[in-house]
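Keeping their order, the protein sequence lines are chains A and B. Throughout, my numbering is defined as the position within the first sequence, counted from one, plus 4. Throughout, my numbering is defined as the position within the second sequence, counted from one, plus 1.
These are calculated hints, taken from the structure and not from any lab test. The reader is advised that the hints may include incorrect statements.
Calculated lysine to aspartate or glutamate pairs in the DMTMM-like style (CA-CA distance at most 25 Å, straight line) [claimed, not checked]:
{"hint": "1", "chain 1": "B", "residue 1": "K96", "chain 2": "A", "residue 2": "E113"}
{"hint": "2", "chain 1": "B", "residue 1": "K33", "chain 2": "B", "residue 2": "D83"}
{"hint": "3", "chain 1": "A", "residue 1": "K49", "chain 2": "B", "residue 2": "E28"}
{"hint": "4", "chain 1": "B", "residue 1": "K68", "chain 2": "A", "residue 2": "E150"}
{"hint": "5", "chain 1": "B", "residue 1": "K68", "chain 2": "A", "residue 2": "D65"}
{"hint": "6", "chain 1": "B", "residue 1": "K68", "chain 2": "A", "residue 2": "D86"}
{"hint": "7", "chain 1": "B", "residue 1": "K55", "chain 2": "A", "residue 2": "D40"}
{"hint": "8", "chain 1": "B", "residue 1": "K13", "chain 2": "A", "residue 2": "E113"}
{"hint": "9", "chain 1": "A", "residue 1": "K43", "chain 2": "B", "residue 2": "D95"}
{"hint": "10", "chain 1": "B", "residue 1": "K68", "chain 2": "A", "residue 2": "E47"}
{"hint": "11", "chain 1": "B", "residue 1": "K7", "chain 2": "A", "residue 2": "E113"}
{"hint": "12", "chain 1": "A", "residue 1": "K103", "chain 2": "A", "residue 2": "D141"}
From a predicted model like this one, the values you see are computed outputs, not experimental measurements.
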Amino acid sequence: MDMIRRTVLKSAGATGVVAGLLATGMLMPTLAYADDWNKAAFEAKNMEGALKGIGADGVSDNKDLLLKAPEIAENGAVVPIDVTSNIPNTTSIAFLIAKNPSPLAAQFEFSNGAVADASVRLKFAETSIVRVVAKADGKFYSAQREVKVTAGGCGG
Amino acid sequence: MADPMKIRAQMKGDVAEVRVLMSHPMETGSRKEADGKPVPAHYIQNMTVALNGKTVIAGQIAGSVSKNPVFGFKVKGAKAGDKVAVTWTDNKGDKRTDEAAVA
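Isolated chain A, as found in the complex (with noise of 0.2 Å):
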């Protein structure tokens, strides 16, 4: 194991190997991620973890979050998922699929007029939940469903 890590070592300066692990995005230099980007939910394998990482866990659903997602997706690669929050005063939504390998796919803060309503595309790696998680006067609000997928899409 220690020859090949050697070799390995040795090699790395001549062939630019740590450039291409740079390009990967493996060696992760900070410079890498914006500003203001949510790492540790983002990265989180379960909807547990990434929920904690919004700082939404223990959140409960709400029936006057609307989420329209659906039932059968042919092509989860593509998979049209709208919400409208009735709550007022919400500041925040967030998407989050169950079973995808990285939960968060996205968040979104609303001010200067915008309205607590989003319609994005999110990939399902197979049949999973879509949860939609609102924020709003600092507390937390869900609404979910089952999105049965014939395709996984995350291209795997």
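Put chain B on the given structure of chain A with help from the hints.
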């Protein structure tokens, strides 16, 4: 530099309906080519929508958003002729801003 975004903003009553189509591969980093080589992660992380220079929507996204993202938003208080500007930044530090007028 990436391909330009398509931005459509139309007044419906007192609300501007904004539709944005971005050109971006949105690679999660877990996909593999036919030969088994992993395709590096390359996705938009941040985006903003501004109306006449004021941010109305600030979004954080990642690889679970579909390739060539399409978003729909609604903004109150806009009027025909107002400027809508959309900006995105990705994990490689690439950035793009496009503008359109509200119809």
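Results of checking the hints against the structure:
| no. | hint | in the structure |
| --- | --- | --- |
| 1 | K96(B) <-> E113(A) | holds (20 Å) |
| 2 | K33(B) <-> D83(B) | violated (44 Å) |
| 3 | K49(A) <-> E28(B) | holds (17 Å) |
| 4 | K68(B) <-> E150(A) | holds (22 Å) |
| 5 | K68(B) <-> D65(A) | violated (29 Å) |
| 6 | K68(B) <-> D86(A) | holds (17 Å) |
| 7 | K55(B) <-> D40(A) | holds (18 Å) |
| 8 | K13(B) <-> E113(A) | holds (22 Å) |
| 9 | K43(A) <-> D95(B) | holds (18 Å) |
| 10 | K68(B) <-> E47(A) | holds (19 Å) |
| 11 | K7(B) <-> E113(A) | holds (21 Å) |
| 12 | K103(A) <-> D141(A) | violated (29 Å) |
In summary, the structure is inconsistent with hints 2, 5 and 12 from the numbered list given earlier, while agreeing with the others.
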